[in-house]
Every structure is written in structure tokens, then in C-alpha cells.
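*Asks:* Each chain, written out:
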Amino acid sequence: MSRDVFVRRELQPALPPPVSVSGPFGWLRTRLFAGPLSTVLTLASLAALWLIVPPLVRFLLIDAVWSGEGREACLGETVGRPVGACWPFITAKLGQLIYGFYPAGERWRVDLVFATALALLVPLLIPPAPFKRLNAALFFVVFPVAAYVLLVGGWFGLAVVETRAWGGLLVTLVVAVTGIVASLPLGILLALGRRSDLPAVRWLSVAFIEFWRGVPLITVLFFATYMLPLFLPGSWSIDNLLRALIGVAVFAAAYMAEVVRGGLQGVPRAQYEGATALGLRPWQTMALVVLPQALRLVIPGIVNTFIGLFKDTTLVMIVAIFDLLGQLRAAFADPSWASPSTLYTGFAFAGLIYFAFCFGMSRYAQFIERRLKAGR
Amino acid sequence: MTNESDSAPGRRFRLTPAAVRAAALQAALVGAVVLLAWSLIATARQNLADQHIASGFGFLQQTAGFDVSQSLIAYNRSDTYGRVFLVGLANTLLVSVLGVLFATVIGFAVGIARLSPSWVLARLAGAYVEITRNLPLLFQILFWYLLMIGVLPGPRQSLEGPFGLVLNNRGLILPQPVAGVGLEWVAVAAGAAVVAAAVVSRWARARQARTGRGFPAGRVSALLIVGVPLAVFLLLGQPLTLAPAELRGFNFIGGIRLVPEFVALVAGLALYTAGFIAEIVRAGIQAVDRGQSEAAASLGLRPGRTLQLVVIPQAMRVIVPPLTSQYLNVVKNSSLAMAVGFPDLVAVFAGTTLNQTGQAIEIIAMTMAVYLAISLLTALAMNLYNRRLAPVGR
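For the protein sequence lines, the chains are A and B, in the order given. According to the working numbering, the residues represented by the first sequence are 1 to 376, in order. According to the working numbering, the residues represented by the second sequence are 377 to 770, in order.
Excised from the complex, chain B in its bound form:
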């Protein structure tokens, strides 16, 4: 009956048997981890020497010598492996950003549709959620990919959509925007409109705080931000035109061509993640107590204002944390590009570059470090945001 009571608070720094045991346990654990790491590193050294594999990051300066089918930054086969890394990283980020964007739009639409007063629409949205969430992402990406290359017609029988969109088995072709004279003035007008909208909103808030009289700041801002640049654009004689791609012989010339791998990957990522986002949005809206909107109504707020001032701010507090983890999932899942051969970071760097140089340790460590950095930075930002959103004074 001696040692148990010794670990009570207030006597913390005495050298009790329990403290000695804890210290010994931790020392043993750290020692074991260090020993394991050391033996693994020693083995790896031996293996690398036996197999004559170079080590270190010198390979990043060597010439890559292979082509990449789609790249955001200038690249040709005489560039270095270091450049390949950047090309892959840029493609990963492009796919992630587009995936997040489309997934958010579709996800919010489906999530709100699940709560729609129309029973059929709610059921339809529910079916969408169940189907997209219960089929593996790779299955969906592969489906869109094989559909694009196997079933869509060739360039001569392309499907043509509005605004000069062309879809065929070589990919999705967007019209090329061509800047005319005076486009910069439209940008200037847009900037000025945003500033003006900010000023109006500030003034409206100050006036409401002072006198209690409201002002439709939201609508006026929207009108300013959309209307002013549009007016300038029309006055200057539409200085931005879209040049659709043209069919010459067997293929399309001009336009921006998105390879089928890219379209399938973004479509798969967006549709899959949208199912999860829809559930998050639905749960977030339902988490706001009915009493909140009833109280708002009894205070005299109209339904629109209730939604804007009472329901959405509280729902966002529930929605944002899981939404961020879905965004992180999009970034991590964009690595499935490998399966359809889109040149993302994993495909060109951990795939092709690894096969050519054989430097598995450096390459996989670099690839993992990129994803880890994105995850940890997002988690950090998320924690800061959560701290700001946390209810005050409860």
C-alpha cells in the first residue's frame, strides 16, 4: 500500500517508484525505436551498395528524357527530373482544385435537394448519394475513362455542346479565349466594382447599427460586381471572344484540349466526393435546431433572412471541419491518376522517374512529404479557423 498513493497530484516531482517505472518505460520505447531505425538504415545502406543504386538527390539534376502528355508549365524531354517533379506537382494541384470546386458545387446542390419539400427530388438526391458513396472511386474513374476512350465517337462524329464545347474520344475540347483591345479596362472595372461593393456593405452595416434602418447591401453589391464589368465589356464592343476549335481533316485544330485521362479523373473525383459533401451539408443543416428558425420567425425575420443570418452561420460551424477533410481526401485521391495514366505527381515521379532511376527511398520520401505537408498545413489552418468559429462565452 505504498506506491499507489505517491503519484497523487501535489507530490509530482518526487522520485516515486511509479515515476521511475514511467521513465524507464519511455526510455526503453525510445531506445527501441532508435535501434530499429538505425538497423533499418544500416540494412538499406548495405542493400543499396550491393545493388549499386546511387543515393542522394543528385538525380534531380539529370535529364529525364521522357514526354508528359499534359503540363501546366513548360516542359520537354530534355528537362531534368527536378522539373518533372514540378510538372507532376502542378498537375496534382490542378486536378485537386478543379475536383474540389466541382465537388463543392454538386455536393451542396445535392445536399440541399435531399431536404427539398419535393419528395421525388429528395429521393433522387438520396439515390445519388448512395450510389456514388458505395462504389469505389477507382471503379468510377475507370468507368468514365473507358467510356471516354472506348464509347465516345471519333473526332469526325464529335458530340458538340453549347459555347463551342466538343467531346470525342480524344478528350474534351474547350474554345480558346482570345483577348481583344481594351480587355484590361474590364478587369479594372471589375476591381473598382468590388471595392465599391465593399464600401457600400460597410456603410450599410454602419447605418443599420446607428439607425436600425436596413439597406439591401447584398443585392446592390451583386448588381455592382456583375453589372459594372458587364456594361464596360459591352461598351468596349466585347473585347473577349471565344475561338472554337475547328475540324481539319481527322482532328481538331485550336481550342484547349483536355486529355480523356484528365476529364475522367476530375469527373470521377468530383462526382464521388460530391456524394460525401452532400451528406455533410444535409447533416449540417439538420443539426440546426428547429427552434432556431422558429425563434427567428417570431422575431419577425423573413425566411430568406432567417436562412442567411440564423441557419447558415450555425450550419457552417458543423459543416466546415468535415468538409475540409473531404477536400484533403480529394488531394490524396487525385493520386489515382496513376491508374488511368494522367501525369500527376505520383504517376510521373513515383512512377516513371522511380522506374528510370531506381532511387526508391528519395523519390517516395519526397512524394510522401508533399502530401504530408499539404495535409498538415490544412489541418493547421483548420484548427485556427475552428478556434475563431467556436461559440464564445458559453
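In isolation and in its complexed conformation, chain A is listed as follows:
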């Protein structure tokens, strides 16, 4: 055995990664130009971005017309340069897009409802905010009644505003929020029914859920508008908006039931058994142990259902209720604002509103999902 055996006694310090995979240069190399295919794709995508983004910015901001009256303000001939978005069109139609034909003097009522909703909703959505129970009770029970009184009127000296005059974003939000608030309890009942041991209850629930999930919302709205009145005594007249709300609520309840069922299946069996072992009766087990856990699990699903419902509210246009999109379409028909960029401007504005709501909610659902995962 020779004496020049070398044994290392301490670790060699780690070298920094080679320059070709680290730092900004490495990032470029691995994420953008990792190979011939990747390089081609990157260059093609950059070209596509170049074709999309600068013209969009030009249209929305640089070439846009910001003030003026009537279509002349947005015509290339009058302005003397290429014209982008015609924002005065939106300014002129803003009231119509948000309130519909709600009387101008009464619009503070709508604003008050919006503000209250926001004040109640924001703390409800922030997980660490205190008084969740009270907050939820206020939002889901007290607020709908208060909003109804404020928007419809007839009490406390408020003038009655017929729902025919409602429109725009107001209708969009009323339909979506009513749909979700009404569908939640109905959906929970249906989900419990579907998991019931009693065959009659189970089969009725399954039939109800599968029926409404199998047909398009338009046919449901047609059903509510044309068929429902035939099934009710002639003396009952239902308001057009209320009919649509009933249709939307029933439709959403079927989807909500499936979401809640997913949550119920996610609660481990041991929870039922533990509750039974403590001497809770079946309905107590459900109400005190299983449902609270199941509902927490499905918050992301509920938010996603709400996003779908929010987008589906646009369909009420077909039964002659003018939501945001319906009002936009009506605004396009106004000849005093007819210009080449009116169409794009209107869609850009409404698109930003819809996108802000839906994107915000989907990000919120993802946030909650991460939180729930982190808690396990």
C-alpha cells in the first residue's frame, strides 16, 4: 500500500453555475433560445406581439379622442389625423351602460346599493378579517332585502322604479348576485338529496340536477318567459326580470349542487363517524360538522360558478332585458355617434369591465385554493 493515497478531509466550496445557464444571459438562453425550434417560436411570438400590442396602445391611448360632442369629434376628417378610440362616446353613454333607463334623479339609490355591497363584500373576501359570521349574515340575508327595497322603491317615500327601466351593469350584477345567493341554499339541498339514502329523494334530486344541466340557458330563459306564465293562475302576473331571475336561479342551483357534492365527497368518512361517536344526530352531523368543512372546500368552485353565471347574464338580452351588453348594442344604434371607431371603443370598454370582474374573481379563486392547500 503506497503512502501517497490522497483523502480529502473537507468539502470543496461549490462553484457558481456556468454563465451559460445563470443570470440574464442564461435566462435568455434557456427560456427563449434553447434550440432551433424554440428560437423560431420565440421570434414568431415576438413578431405577433409586435403586430398586436403597438397598434392596440395607439388605438386605446395615443390616437384616442378624449373629449368632444357627437360623432364629428371622432371622425378622421374633422380631427385631421387617424382616429383611435372615441372615448366621448363612452362618456355620453356611461349612464345608460351602468343604470339603463333608471331615472337620473334616483340613481343615488343604485350607487348606495353598489357601495353597500362593496363595503360588505370586501371584508367577507379577506380571510383574516374578523366578524365573518355577522358579515355573512349581513351580506346574504339583510343586504338582499335592503337592496330590494332601495332599488324597487315603494317604501319610506321612495318612488317606485319599474324593473323595465333597469338596465346596464345594474341588471348584470342583480342577475348574477341573485342567481348565486338563491342558488346556494337550493344547491346545498339538492346536493344533500343526491347523497341521501332514501331512493325517492335521491332520484328526484338526480332528475332535477341532470335536467337543468342538460339544457342550454337560453331554453331555460324561454321556459321562464313563455312557459312559466301558462302554469300559474291567470291572476298572478310575474315581472319580466323576476321570471328571468327564477330561470337563472334554478339553472345555477343545478350547477351549484354538483359543486357542493364535490365538497361533500371531499370530507373524510372519519368526520361522520367521529360526529356519530360523539352522539350527534344525523342532521346535526351534517349541519355542524360536515357542511362547514365541505363548503370551505368548495369556495373556489363556488367562485368559478359565479364567474360562469356572471358571463351568462349576457343571455338575458335575448328575452328583452337590457344588461350591459344589451345597452351597448342599443348604444351602437345611435346615429348621432356613428363613426368608424365607435364599435371598437364600445367593445373595448365593455370588454375591460367584463374582464376585470371575471379575471379578478378567477385570481381570487386561485388564491383561496392555494390557502386551502397550505392549510392541510
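Among the hints, erroneous ones may be present.
[As the list claims (entries may be wrong)] Computed, partial: chain B to chain A, Cβ under 7 Å: (1) A420; (2) S494; (3) F515.
[As the list claims (entries may be wrong)] Here are the in silico distance ranges between beta carbons for each label pair: (4) B/R397 - A/L288: 18 to 26 Å; (5) A/G80 - B/G526: 19 to 27 Å; (6) B/R595 - A/L46: 30 to 38 Å; (7) B/R532 - A/N304: 45 to 53 Å; (8) B/I429 - A/A159: 31 to 39 Å; (9) A/G274 - B/A659: 53 to 61 Å; (10) B/P689 - A/A14: 36 to 44 Å.
[As the list claims (entries may be wrong)] Residues of chain B placed beyond 12 Å of chain A at every Cβ, according to the derived structure: (11) R459; (12) P531; (13) F539; (14) G594; (15) R764.
Don't read these hints as lab results, they were simulated from the structure. C-beta atoms are modelled at their ideal positions from N, C-alpha and C, and glycine is treated no differently.
With chain A fixed as given, assemble chain B onto it according to the hints.
*Replies:* Quick look at chain B alone, frame taken from chain A:
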């Protein structure tokens, strides 16, 4: 302390208080539902009689008396309402099939692009998904529709694409295919090539099982299926030509004209659904554990074979169920045709026919039944497929 323990298994068929309660509850529920249905039907009868609305399906034999702008089957205004129903159904199915087709192609492309090694492309695909998924479908359809009729130029300044495609505010005009002499032989050659490809694949699989030696069956099959009909087609002197539409005066003559409503509807449906399909595809591919492709690589499979034999089969198991529900959504969402005035089932039947006859109950029931039948049949097929795909022996 008596009744709770009685419902334990093994004593199921005894007439315990719990069983009696359950039976009573169910009887009461069924009774309430029957009573409600009965009272609704009685009210409806009374209302129909009061308003002098006919009932029954006799109206299906009456003359419709209105025109339909686009129809797959022969139709004119002296046909019956029953025929209108079929025209609408055919249009609904046409829109759905085209929507599904385009949405699948775009959706898979975008979904794979989201996983691309190129960061810019992945981000671009991500932006596409966020934008299409977060804007209402009706908003998108209406946008394409108003764009087509309001912004596109008239026939004389049409945009002309390759292969004789013409786009203007009257719609999208495709060239008319004209069959020449001997086209049937190309079809025969194509059929023969498909059979030959099937035989080759079978033989290749059998040989690999027997001897372990592989054979590029996929490439040979592709070559056969594309090459043979193409060779016959060229040998016979190209017996299929495209006759592009021609501008005569103020409009185009010839060609196949797709009305703007149709183009906007299919474009909206396809682009919207593609966003959802892209997410499904991305999630499906990411659901396959990295270890799977690493194991395949260590077994000596090349990247292409790994994808084909290991990753895709496992990803498909995750992708197919939500994909089917997206396809069902396309069928249901095709009813938005009503908003732009394309004559689908809802527009011509639950719309125009309902307005003319007033028979809301029969018409809405028939319309709902069609969609329900499509949904339930698809769900049934899906369950069978899932059972076949379910992992065996775990």
C-alpha cells in the same frame, strides 16, 4: 336508547321506527311532487282554454310560411313546422360540429404552446387563454358579428384570401368544388390505402411482439394514406377543381356563401371554447408525473416514442372527460345563434315558430328534449369510455 341501534346492518328489513319514518318522508315527498305537477297541469289547461291556444302536436303539419336564410336540407316557405324543426336541428348540429372541430385544433395548439420551452410563446398562449375565458361568449360572438357586417368592406372591395376565399360584409365565400371525370377512383384509392395501412400496422405489431424488431408503421401508414390517393389524383389529371366565385356587378356569383351570422357564431364558439380546451390539455399533460418520462428515457425510449407511448396515453385519461363536457357546452352554446339571427333550432323553432303558433309548452318541451337527449347520450358514451380507460388491476 332504542331506535338508533335498530337501523344497524343485518336487521335491515325489520319495521323499525327509523324505516317507518324514512318511508313516510319519501311518500310525502313523492306525494307533494305529484300534487304540484297535477295542479300545474290543471292550471295550464285552464289558461290554455281561456286564451284559446291550441294544444297537441298538430301544428307540426301546418305550413310555416317563413323563409330561412341558411339550410342544409331543402326547405321553402310552404313547408311545414315539422320541417322547420329539422332545418333548425341540422343547423344546430352543423354549427356544433364545426365549432368542436376548430375549438379542438386551436385548443390543443394553444395548450401545447403554453408548455413551450419558449417563454414568450408560453406567455402569449397564456394571454390568449385569459382573454377568451374571461369575456362572455355572447360578447365575443356579437363582436365578430358586428365586425363582419359593420366594418368589412362591401363585395366590390372584398378581402381576397388564398384558394379563392372571399371575405366581405355579405359573408365568407368559399370556392365551389367541381368534380371531374374519375373522382370516384381517387376515393377508391383512398379506401384501399386505409385498408393497407391497417394491415401494415397489424403486421408490424405482430412482428414486434414475436421478434422484438420494430417497424416505422406510423410513418408508412401516413405515407400510404396521403400518397396513394394523391398519386391517383395526379395521374388522372386532377379530377377535382375549385371554381372560385366571380364578382358580377355588385355581388359574387357562384361559390358557397356562408352568411355572416354563421361565420361569427362558429368563430366565437371555436375561439371561446379553445381557451377552455387549452387549459384542459395543459393540465392533462402536466398531470403526467415527470418520473414517467424519466423512466421511459432510462428504458431507452427516444423523446418522440416517450411522448407517443407513455405521456399521451396517460394524459388522455385526464383530458377526455372534461373535453367531452366542453363539447357538450359547444352544443348548448350554439343556441346563442338566436342573438345574431342565425337560424338554429332555438331561433327558428323556439323563436319564430313559437311566435307564430303560440304553443309554448309543446315547442319548448321539444327543444329542451333535443338538448337533453344529446347531453344524456354523450354522458352515457362518456361513462362507457371511462370504464374502458380506467386503470386495470390497481
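*Asks:* For the range 45 to 53 Å, tell me whether the beta carbons of B/R532 and A/N304 fit it or not.
*Replies:* Given a distance of about 48 Å, which is inside 45 to 53 Å, the answer is holds.
*Asks:* B/A420 was flagged as interface toward chain A. Is the shortest Cβ-Cβ separation under 7 Å?
*Replies:* holds, 5 Å
*Asks:* Hint check: is the beta carbon of B/S494 less than 7 Å from a beta carbon of chain A?
*Replies:* holds, 4 Å
*Asks:* Taking the Cβ atom of B/R595 and the Cβ atom of A/L46, is their distance within the range 30 to 38 Å?
*Replies:* holds, 33 Å
*Asks:* Please verify that the nearest CB of chain A lies beyond 12 Å from B/P531's CB.
*Replies:* holds, 19 Å
*Asks:* Should the hint that B/P689 and A/A14 are 36 to 44 Å apart at their CB atoms be regarded as holding?
*Replies:* holds, 41 Å
*Asks:* Was B/R459 rightly flagged as not at the interface, with every chain A Cβ beyond 12 Å?
*Replies:* holds, 21 Å
*Asks:* Using the beta carbons of A/G80 and B/G526, state whether their distance is inside 19 to 27 Å or not.
*Replies:* This hint holds: roughly 24 Å between Cβ atoms.
*Asks:* Using the Cβ atoms, figure out if B/R397 sits within 18 to 26 Å of A/L288.
*Replies:* holds, 21 Å
*Asks:* Can the suggested window of 53 to 61 Å be confirmed for the beta-carbon pair A/G274 and B/A659?
*Replies:* violated, 34 Å
*Asks:* Range hint 31 to 39 Å: satisfied by the CB atoms of B/I429 and A/A159?
*Replies:* For B/I429 and A/A159 the Cβ distance comes to about 37 Å; the hint holds.
*Asks:* Run the C-beta distances from B/G594 to all of chain A and say if the shortest one exceeds 12 Å.
*Replies:* Answer for B/G594: holds, closest chain A Cβ roughly 20 Å.
When held up to the earlier numbered hints, the structure conflicts with hint 9 and nothing else.
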